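A.B. asks: One-letter residues, chain by chain:
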Amino acid sequence: MNGAATIPKAPLEAAPVPRPPTKAEQRHLRLDHFPGLWLVSLVCLAFLYIPMLIVVAYSFNSGRQALIWQGFSLTWYQRVFSDASIVSATKVSLQVAVIATVASTAMAVLYVLAMNRLGRWGSAAAMALLAAPIVVPEVIMGVATLAFIRLIGLNPGFWPLVFAHTCFCFPFALMNIRARHGTLDPALFESAADLGASEATMVRRISLPLLMPGIVSGALLAFVVSMDDFMISNFLASAGSTTLPIYIFGLIRKGVSPSVNVVATLLLLLAVGVTTATTFLSRQRGAAAGRRPT
Amino acid sequence: MSAGPERGGDRAPALGWVRRRLGAGRAGPIRPGQLSAWFATPAILLGLAFTLGPMIVVAVFSLMAQPTTGTGVEMRFSTKAYEHFFMQESFTGESRFDPRYLRVFAVSAALALGVTVLCVALAFPIAVWMSTRTPRAQNMLLLAVTIPFWTNLLVRTYAWMLILAESGPANSFLAFLGVEPTQMLYTWQAAFVGLVYTFLPFAILPIYSAVAGFDFALAEAAYDLGAGKLAVLRKVIWPAASGGVVSAVALCLVPAFGSYVQPVLLGGGRLVMVGSLIASQFGEARNWPFGAALSVIILVLTLLGALALMRWTKRSAQKVTLAV
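Which chain is which? The protein sequence lines are A and B, in order.
So in the working numbering the end of the first sequence lands on 459, straight run, no missing numbers.
So in the working numbering the end of the second sequence lands on 531, straight run, no missing numbers.
For the record, the hints were derived by calculation from the structure and aren't laboratory data.
One should not assume that every hint holds.
[To be verified] Cut-off 30 Å, straight-line C-alpha distance, at most; resulting in silico cross-link-like pairs (DSS-like, lysine-lysine):
#1 K188/A x K436/B
#2 K521/B x K442/B
#3 K521/B x K188/A
#4 K419/A x K256/A
[Unchecked claim] Cβ-Cβ distance ranges computed for the label pairs, FRET-style:
#5 S227/A x A313/B: 44 to 54 Å
#6 A290/A x S523/B: 15 to 25 Å
#7 D350/A x L437/B: 37 to 47 Å
#8 A438/B x L373/A: 32 to 42 Å
#9 S238/A x S374/B: 14 to 24 Å
#10 A513/B x V252/A: 40 to 50 Å
Bear in mind that the values here come from a model prediction, so they are computed numbers and not experimental data.
For each residue, glycine too, the CB sits at the ideal point set by N, CA and C.
Can you make the complete structure from the sequences, with help from the hints?
C.D. replies: In structure tokens, the structure reads:
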């Protein structure tokens, strides 16, 4: 194989063929691979879900003790549905939540449609005011609203609850509607204006239909936020307007109980349903908007 | 000031003067298809009445006197509520320095800070990991993190009451390992775990949204320049995520500092945090002016924090959002 007469082999064949990288090496070579992150993430996801799954499991316990497993049954579901105080507290919560959801969503839609006319400073000031309930600790919002209600001569009860809920639900309703509004194509309105549509027609025929997924998911989130609130409601409810979270707090302050396991499972179900629905809605492309919502 | 021609002659009627005063131009030309600014007024009025109104009332009440009987305030100017925060009056009428309430603030701040640091430390690797999955997996993971976020706070706290109870799963597990069962519920550690559990999704979501759009070509450039994985995480991805990290800190720190449910239900009577202190002033203790003064102190601290945040946002040109 030596001598000047032999034609030199192609360099590719002459070079020792490199061993193909193993799967682990391939993974390591990927730019976005960082070892160990998956472990932290999976442990944290387990940390987030295992406690709730334990509650769900115990809700099917047949025994009178919350923590001693005595076999599967739906007894406690039956008892919860026929428990007069739980049912009436749920009714109050639903009434407050429905009114607050409708009111805050309607205001959020109007606000989104008008916000660009407020000017830069006007809308910054309005946003700071309207988003404040998210940042201020709930206990302070609660006592402050109580003091305010007393000062204007009202007593804690149903309507103060409704007003306060509408107020703190507003930013949550606004979030998704505003995000959706940001994806609308200005060309739609320009062509509508060129064709002689009035502002009212554009709002009715373009904005509202295209905003609808955002409006529905905003309303769902407002509903959940209202159904969940304990802290602010606690200061504003009277004996006749006990909401579900206030009633549950009273129960669990005394310790664990089988009926709370059931109510907790049902509330968890509500959160899963609403979160899944809003995620689905926010991914839906507006057919005419054409752009991917952010 | 905007020099460009302004389309749509109808200026915002309510806020036109504000704009003229501040000399601020519009962010952009007015698009057609917008309602008049009047339609924003219901929301703004609601905010003025039920957000700003209560804040002002609390500030006023904190400067009023405590009535001798009953609840509420006596309409008489007094700075007693603020003095009560630092001083204690003995029966003989002389006041001396009293660190009781300062200690409550310190305990709350320490706990909130610990919770925030742990949450962000866990959330950063999770957010980075999430952002490196396939788009489909990212959507699923995002849903998985969002569900706890929207789950009732009482339910999430209750889950830990169940786990840490005397005959609960945690103690059964210890017994299985052959360790003496201990009192776990009604300790500050229980409240700490409950707070971390509650605020972890609050930390993950903003950091994830900051990292999600990260361009891994930047990481490639760093590798080409000889950086290791850790250096890329620390020097390339972490700065890109810092806007999200600041949002996460804001979303964990303030609510954890003012939390009520977790310290009361998991921490028991021995752990007094600011939240329960304020609530008790409007409840059993019947000292509204003092409760209002405590609220004002926290509101001012929050406001200062928000201003610092705004300054930082402006200087670093990072996007910080408080909405999730």
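A.B. asks: Determine for every hint whether it applies to the structure shown.
C.D. replies: The hints, checked one at a time:
With a C-alpha separation of about 18 Å, the suggested pairing of K188/A with K436/B holds against the 30 Å cut-off. Taking the CA atoms of K521/B and K442/B, the gap is near 21 Å; set against the 30 Å cutoff, the hint holds. For a cut-off of 30 Å, the pair hint linking K521/B to K188/A is broken: about 45 Å separates their Cα positions. For a cut-off of 30 Å, the pair hint linking K419/A to K256/A stands: about 23 Å separates their Cα positions.
Distance hint check: the CB atoms of S227/A and A313/B are about 47 Å apart, consistent with the given range 44 to 54 Å. A C-beta distance of roughly 23 Å is found between A290/A and S523/B, which places it inside the suggested range of 15 to 25 Å. In this structure, D350/A and L437/B meet the distance hint of 37 to 47 Å, their C-beta atoms being roughly 44 Å apart. Restraint check, A438/B to L373/A: a C-beta distance of roughly 51 Å breaks the suggested window 32 to 42 Å.
Checked against the given bound of 14 to 24 Å, the beta carbons of S238/A and S374/B, roughly 20 Å apart, stay inside it. Remark: the range hint 40 to 50 Å for A513/B to V252/A is upheld by a beta-carbon distance near 42 Å.
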